[in-house]
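Chains as they are written, first to last, in the working numbering: chain A, 1 to 162; chain B, 163 to 610; chain C, 611 to 1353.
No lab work stands behind these hints: they were computed from the structure.
All the pointers check out, no bait thrown in.
Cut-off 30 Å, straight-line C-alpha distance, at most; resulting in silico cross-link-like pairs (DSSO-like, lysine-lysine):
1. B:Lys576 x C:Lys693
2. C:Lys740 x C:Lys822
3. B:Lys577 x B:Lys447
4. C:Lys740 x B:Lys576
On the chain C side, residues computed to face chain B include the following (Cβ under 7 Å):
5. Ala657
6. Cys658
7. Ala785
No experiment lies behind these values; they were computed from the predicted model shown.
Glycine included, C-beta positions come from ideal geometry on N, C-alpha and C.
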Amino acid sequence: MLSDALKQKFDAVIARYPVKRSAIVPLLMFAQDEAGHVTEEAIQEIAQRVGVRPIEVIEDIGYYSMLHRRPIGRYNLQVCTNISCMLRGGGAIFEHCSKKLGIGHKQTTPDGTFSLEEVECLGACCGAPAMQVNYDYYENLTPETIDALIDGLRKKNPASET
Amino acid sequence: MAHYENPMRGSSLEVKVLTERFGIPNVEKLDVFVQHNGYEGLRKALTMTPDAVIAEVKKSALRGRGGAGFNAGMKWGFVPRQSPKPKYVVCNADESEPGTCKDRVLIEYDPHQLIEGNIIAGYAIGSHQGYIYIRGEYRYLMEILDRAIGEAYAAGFLGKNILGSGFDFDLATHTGAGAYECGEETALLNSLEGLRGYPRVKPPFPAVVGLYGCPTIINNVETLSSVPSILRNGGDWYAKIGTPNNGGTRLFALSGHIERPGIYELPMGIPLRRILEEVGGGVWKGKKLKCVIPGGSSCPVLTASEIDVPMDFDSLSKIGSMLGSGGVVFIDEDTCMVKAAWRIMKFYAHESCGWCIPCREGTAWLKALLERFHGNGGMAEDIDTALDVSYNMLGKTLCPLGDAAAMPTISILKKFRHEFEEHLKLGSCPFEARGSESGVRVSAGVAI
Amino acid sequence: MADPITLTIDGKPVSVAAGTLLIDAAKQVSVEVPSFCYYPGLSLQGACRMCLVSIEKMPKLQTACTTVVTNGMVVHTETPEVKNARKSMLEMLLTNHPLDCPVCDKGGECELQDAVFRYGAAETRFLETKIHEDEKKFSNLVYYDRPRCILCYRCIRVCDEGMDVNAYGIGFRAAHSEIIPNRGEHLECEECGMCIDICPVGALTSGTYRYKTRPWELTYTGTICNHCGDGCKTTLSVRNHEVIRANNRDHSGINGEFLCVKGRFGWDFVNNPQRLTLPRIRRNGKQEESSWEEALSLTADKLKSILAAHGPDSVAVVGSNRTTNEENYLLQRFSRTVLGTNNIDHHRTADFSSLVGALTAAKATDRYATMENIVGAKHIFLIGNDPTHQHPLVAYQIRQAVRQHGAQLYVISQGDIKLRRQAARYLQVQLGGEAAVVSALVGASALPNNLIAGGSEAFGAFAESLKSAVDLVILFGDAIRGDEVRTMVRWGLSMPGETRFAPLGDYANSRGAADMGMLPGNLPGYAPVTDESARRKFESAWGQATPISSGLHIKAVAEGIEAGRIKALLVFGSNPARTFGLSKSTLAKLELLFVAELFSTETAECADVVVPATSFAEKSGTFTNTFGQVQALKKTMRKAGTKSDLEILLALARLLGHKWSYQSADDVLREIIALVPGYAIALPNLLIGRAVATRPEGTPPPLEKPDLIFSSRDNLFGSGTLSRYSWALNSVDEARKPYGHEF
Ligand SMILES: Cc1cc2nc3c(=O)[nH]c(=O)nc-3n(C[C@H](O)[C@H](O)[C@H](O)COP(=O)(O)O)c2cc1C
Ligand code: SF4
Ligand code: FES
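Next comes chain A alone, as it looks inside the complex (with noise of 0.2 Å):
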């Protein structure tokens, strides 16, 4: 179920086009954040509201990385290897990562706490190499920066919580 905030939301966001479809990304983002992927009543709910056929949001779906209609982890560790942190070391923090939750690209770890990305240049270059959990930055990582993160958010969340 949409919240109510979410659908308030939605009505403040389509009134700042003139065109009711420019807000479908946004839209799904949104109702991404709330319920952790874009669920099949969102996508009902946005078309409809939008005036557009359900399968012009699929199409958008796909299209952005950022969407995706599966769950996943409640922290996505998404991390860059593209060319500023591959040449400090981004494939190796991927690897620690990987090695450490058990999990490849892409992958969720079974109690449902993280999830596992190879990502795209995130804006970071500087602070190479980095990585967003869900919208959080962290920048210049090492493989001990990792560990003390993933174990702190392990005990903010723990497994039995989710």
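On the provided structure of chain A, position chains B and C with the ligands as indicated by the hints.
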């Protein structure tokens, strides 16, 4: 919330125009901003005719900071004066070019400067609505901007009858959702219309047929952020800071194998060598420089012997590269250029929108070829095949993403052909064999 | 008109209209610029980059499909650079393309295969692993094979821009991009199959054709679809006297590339094993198989004795609205001369007669609309019909007119029809209210209350905006008939410009049936049977007298059977039990019920004699579409055991002592051309596959009863008996959606 560390590392060579207010406590708040010349450029503009504003910007020789380097005032001049349709200002804050992270600081440390630039642009072309298209990952920046926009509305800098001038202008942010191609201006427009970010056939150009089919100007964050000071201090003042035809300063993001990675505001035309040695503190760990990507990963690489070039659009173009988006990536002697080429191509193969054949198929092919080559499956023909496939993409795609993928690849294949040949001779990566590649491994090359 | 543009292509000067695309200009001087994504009439993509050419003074190669010609442009299409670009596009396309041409349905007619043959790139330098995806079944009729797909987006555009269905989208991105259907894993749409035909490669394949044959093993015959009244040209592909598929290979008909689900898939009733192939005779209450000879002589004998005992008017004839003009013409001759009765009728689905009468009276018989008039129209007025379901080609052409040159569409209809999306003005009326609204609109009467959604205000706005229309094309359904047709025509002709009219009738030859005089009150060409000079013309040609007073229409025939006045009923290609509700017990009162049919219908089940008729695929002749355009039907195959109505009628006439000299349908057509007003058409035009317009002129008798005219309101997947026996039409889920469902 995790911190984005301040990349403004400071240098005595900096000339602070865009960043003059950085570091003033709370300058992201409107009242503080106003105390420091904030919205003065707008006030000035509103006393001028729109044509005079455009003339001033033309005079400044401000060239687009998004990558293509088109004269901003000229672009504004292409918008029809009289239009039965509404006109739009679109600010490109999609910043996704690998090596580039400068728009980010402009939004984080001085959001009102950008808002002011948008309003002035709107006034100049007779637009009453602007959108700032911001990449999805930059959520915290969108929140900063939304807050600032709210303040600007409350203070009468946005909305109806701005500062009693009779000019109306609305501004809103719009989030992307992860697509490099949406930085390309026409793909951005489609994305802003709720479609997949496919580029449009040009002509017609956005200045005539843009958002919703209406006249539209699209400018980069840094370009628009430069506008208030141009209005405040005059186009001539700005033009003088740079080299002829390349006015003002620009934010350079230094990354890669350099001692002091960071963002620095430097005058146009400063030699690359000075950036490396005097600003960036030289190659990290005392190593030797192998090459430099001068303006984001789409630019042909420069070898260590080519770094005396002045960093402006024309000088770089003269030596076959580009100033691009100001992301300068330094690469040291221990880096495998086959792997660098592969990683760059992996990016383009992932980000190709898939619309046109040469880019969709060419990037996927080259990525697979380079991956195999680096993974010791290389064959002598591969080098020429890769070169040929790159040339077959170059200049033949619908939008410049295909060129962006081909150009660095061609330059690496040509300037570092010997490294490819070494791979063949050795049957493996010479750098990995020497153990000199610090923690850089080819990780899972999954494309999606 | 702006001045033409002159340019040079490969050294050849060419002049074309301003705004022409370079790729089209090149065709005019026979320079072929290869293309995949370019498709005339659909939006421009610039995606495949096959059409790159070199233009002097331009730094890069340019796409000919998006470049508008300019004066003095100098273009080269065969430079080494251009050739290399083409070759490299193909090489790149083939990287992920499976080279399964030997088993691919498209092999032999694949645009990619042809391009590789012509421009090279047969050997590849691609050594990497190809991206694989399993084939997907989008519906019973459409399959998708991603690896073969070259992403030219033609399917998406034809579905969206042409069909306004929008069932396709693009999923994922980059090299993983693929075509996706609108309902999760499957497609919900009008199932027109345009996407299959328009696909340049074998990515979209037909559920009914796939893996059945190689295209070069087929024989191709261009003929006319047997379903609705629009008259689409369709090419039947036949192997061993079996139709394997239908499409419109050469795009030469009035339908261009269009075919609806019926035209593309609905021909399969022809192959249905339930086809009748042996005559049947009722003996002791049960139908038993018999020989042709026996069936026909039994019929002739019975007819002789009934005629002798009860006179000619004890016999009645029901004809078909999907047999050929020649057959209809012969059937009415048979009725009027061999039997001697005007008791002949058929299921009338639109009031063609009244339109002929009204236009003749107004001396405006140049104002019949043709299908082409719709495409070119600036203003179209549609009354009481849902072309999406009843006239798919009309719907398509209306959409083309709206999309390509901004035609204004005005719609009056009961239901919320899909074309409302294209309508500039729309007025929703109560059931049966169209006639009253039209009458009010033209000022002939006051607007009755509560007829219109939106009341008099909506009506006023509609009327006002219609006033600015010029060169209207008025399309009307079965609700406008008799006097209302006359009123509407009078009003239409008073409008500025050249107003044109077309009644929208169901079935492939409704119009031809009326034109050929398969009506109780008029002769071929609409002259009343009471008109002596008209009668004399036919009588002298036939060497025989015809009855001088009107016969019974079908409802009166039904009463006549009940009352015992009608003793024999001859039915050709029609199912009155279903269409007119003639009950079993009524039919049982007949001394002779003779039926010529493809399948055992409700009527045929009650018959004393049933003979197996040939289908449209198995005979030659002509059809007249609902616009009065005549087109040739071509025989494509034989069906053992069947005879055409023409052969049946010739045989019956002979058995009843009449010597007819016709050898073939051609002979009949020549007589039609000579005798039937409005049908003086040029045979060569017909033979080369054109649709030849007719302009009937006449003063037909007034409509006897309004409810003689009624549409069967078939939906997109139905057309009476024929569609009932089509596997394809019944196999799609959409066929079971309620009438009017939009996709
Ligand atoms: C593939 C591609 C990606 C681009 N990405 C960006 C971007 O992220 N930000 C940007 O400002 N310009 C980007 N550009 C350049 C824009 O198309 C456009 O030139 C620019 O926004 C114009 O603004 P400017 O004149 O102020 O530079 C990109 C271009 C291409 C071809
Ligand atoms: S070059 Fe072609 S496939 Fe690549 S991003 Fe541009 S249009 Fe899309
Ligand atoms: S036909 Fe021109 S790009 Fe496809």
